Amino acid sequence: MIRVLSVVVILCLSLHAPATGAQSKPLDDIRGPIERGVALLKDPAYNSPSKYDEQREKIWELIHDIFDFRIISMRALAREWRSFTPKQQDEFTEAFTELLKHNYLNKIQGQFRDEEVVFLEQDILTDKQAIVKSKILRQQTEIPMDYKVVLSRGKWRIYDINVEGISLIKNYRTQFKSILAKDSPEELIQRIRQKALEEKKSGQPNA
Amino acid sequence: MTMIPKQTRLRIRICALLAAVLFFIPFAMAHAASQDAEQTASAEDEAFAFVEALDEEEPPPPQLADPLYYVNKGIFHFNDKLYLWVLKPVAVIYQSVLPRPFRTGIQNAYDNLKTPVRFASSMLQGKTDRAGVELGRFMVNTVFGGLGFWNAADLEADLQKPPEEDLGQTLGTYGIGNGFYLVWPILGPSTLRDTAGRAGDIFLDPVAHIAPGLSPFLRTYERLNWLSLNIGNYESVKAAAVDPYASFKDIYLQYREKSVQE
Chain A
1 MIRVLSVVVI
11 LCLSLHAPAT
21 GAQSKPLDDI
31 RGPIERGVAL
41 LKDPAYNSPS
51 KYDEQREKIW
61 ELIHDIFDFR
71 IISMRALARE
81 WRSFTPKQQD
91 EFTEAFTELL
101 KHNYLNKIQG
111 QFRDEEVVFL
121 EQDILTDKQA
131 IVKSKILRQQ
141 TEIPMDYKVV
151 LSRGKWRIYD
161 INVEGISLIK
171 NYRTQFKSIL
181 AKDSPEELIQ
191 RIRQKALEEK
201 KSGQPNA
Chain B
1 MTMIPKQTRL
11 RIRICALLAA
21 VLFFIPFAMA
31 HAASQDAEQT
41 ASAEDEAFAF
51 VEALDEEEPP
61 PPQLADPLYY
71 VNKGIFHFND
81 KLYLWVLKPV
91 AVIYQSVLPR
101 PFRTGIQNAY
111 DNLKTPVRFA
121 SSMLQGKTDR
131 AGVELGRFMV
141 NTVFGGLGFW
151 NAADLEADLQ
161 KPPEEDLGQT
171 LGTYGIGNGF
181 YLVWPILGPS
191 TLRDTAGRAG
201 DIFLDPVAHI
211 APGLSPFLRT
221 YERLNWLSLN
231 IGNYESVKAA
241 AVDPYASFKD
251 IYLQYREKSV
261 QE
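Going line by line, the protein sequences match chains A and B. Under this note's numbering, think of the first position of the first sequence as 1, with each following residue one higher. Under this note's numbering, think of the first position of the second sequence as 1, with each following residue one higher.
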């Protein structure tokens, strides 16, 4: 009886374990969803253009959870974050998430078809911070791509992407700073929304 | 009341316990989630402090004065239209005429020819081992790679391509700052320091000495060939940007800063 019970308890505990993230590895947390997303690209079920949107949403479903958009948004605004009201912060996060989503999906659906993503290694910096290194093989060139990840809400999540040593989020930070020097937070949010819409449209197969 | 065997009663009890435990799990999770949702303002502050700490070991994004902002921005827009309306259409035609392996080969040959720029820059930075690799690559590529069309040296483990070096980076390693931001027609983003470096690079480029009269054409052709291998990159960066001018400036500065450090 006691043995049976202890088995049950251990089983229950192990069900909980992945949520604490203690055992998960950054490389696996990032690689898994991305590779599954890229595999969907080659799925013949989505070959026709009419399936394009469906495929896009499916890929997003797989990979959106490996990003921490709140942290990304805070980093992109840096000190300006505090001057935004809580409502503006939420709106900004939502708009910027939308922009990054369509950006990323355009790249995946547009370019990754004839490219290959190879995951190389993980660099653990602290117990909460790590770098997952990968490279993109395109024809004869290799493009190094590093994912900066942080242990957030029980999982390793991306907070920045470095392509050839250039930080994507720092690049946005410079842009937002330059816009906020002249315009209000509302106008910035509006511009990001506008851009996200354009990106969404340009991702369409007939665009 | 029928007698239930002891064995069965035990089993029922275990099942009940199991059900209770399984029932409790989602409940406990929901409870934890609701606690998460009730984040107070101080938790927000803590989260922000945590995010700021992520950046502690990293340099801030490079900043550079832009006293010629309006001129630069004008040239930036000029370059944009020049690319979209003239250079890109020409590069697309060129691309359809010459298969990729030939274009890659031509690019390799130009790179090979520019060895003196990288060799001198490496030497001036005291990176003698890199200078040696550049020299070795030049000889192997020239002799066995058909004047550099094929990078034969890539087969040799000791002769792998080192990071690019130029005189602008060399000045950077001497502690000379960027000065200010500049956008050149056709050539695009640069800085005062990198412009000076580039002038020196051109002097070190054998093309300028072998055939001075032809060198503008050879350089234009190189640019066209390079463009044909990189169509779409500019558009995709521009499409992702909310403020394209600021984005390209930042990309250039981040890239150069990294190159100087390498």
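Hint data in this document are derived by calculation from the structure and do not stem from the laboratory. There could be a bad hint or two in this list.
To be verified - If we take Cβ atoms under 7 Å as the criterion, some of the chain B residues that face chain A in the derived model are: (1) 51; (2) 65; (3) 66; (4) 173; (5) 174; (6) 240; (7) 242; (8) 243; (9) 246; (10) 251; (11) 254; (12) 255; (13) 258.
Said to hold, decoys possible - No farther apart than 30 Å at their CA atoms in a straight line, the calculated lysine-lysine pairs in the DSBU-like style are these: (14) 161(B) x 101(A); (15) 87(A) x 25(A); (16) 81(B) x 200(A); (17) 258(B) x 25(A); (18) 88(B) x 200(A); (19) 107(A) x 258(B); (20) 200(A) x 238(B); (21) 101(A) x 88(B); (22) 73(B) x 51(A); (23) 25(A) x 51(A).
Predicted model, so just to flag it, every value in this text is computed and none were measured. Note that beta-carbon positions come from the ideal geometry of N, C-alpha and C, so glycine has one too.
How the hints compare with the structure:
no. : hint            : result
1   : 51              : holds, 4 Å
2   : 65              : violated, 13 Å
3   : 66              : violated, 10 Å
4   : 173             : violated, 16 Å
5   : 174             : violated, 21 Å
6   : 240             : holds, 5 Å
7   : 242             : holds, 5 Å
8   : 243             : holds, 4 Å
9   : 246             : holds, 4 Å
10  : 251             : holds, 6 Å
11  : 254             : holds, 5 Å
12  : 255             : holds, 6 Å
13  : 258             : holds, 4 Å
14  : 161(B) x 101(A) : violated, 35 Å
15  : 87(A) x 25(A)   : violated, 34 Å
16  : 81(B) x 200(A)  : holds, 23 Å
17  : 258(B) x 25(A)  : holds, 28 Å
18  : 88(B) x 200(A)  : holds, 24 Å
19  : 107(A) x 258(B) : holds, 24 Å
20  : 200(A) x 238(B) : holds, 14 Å
21  : 101(A) x 88(B)  : holds, 28 Å
22  : 73(B) x 51(A)   : violated, 41 Å
23  : 25(A) x 51(A)   : violated, 34 Å
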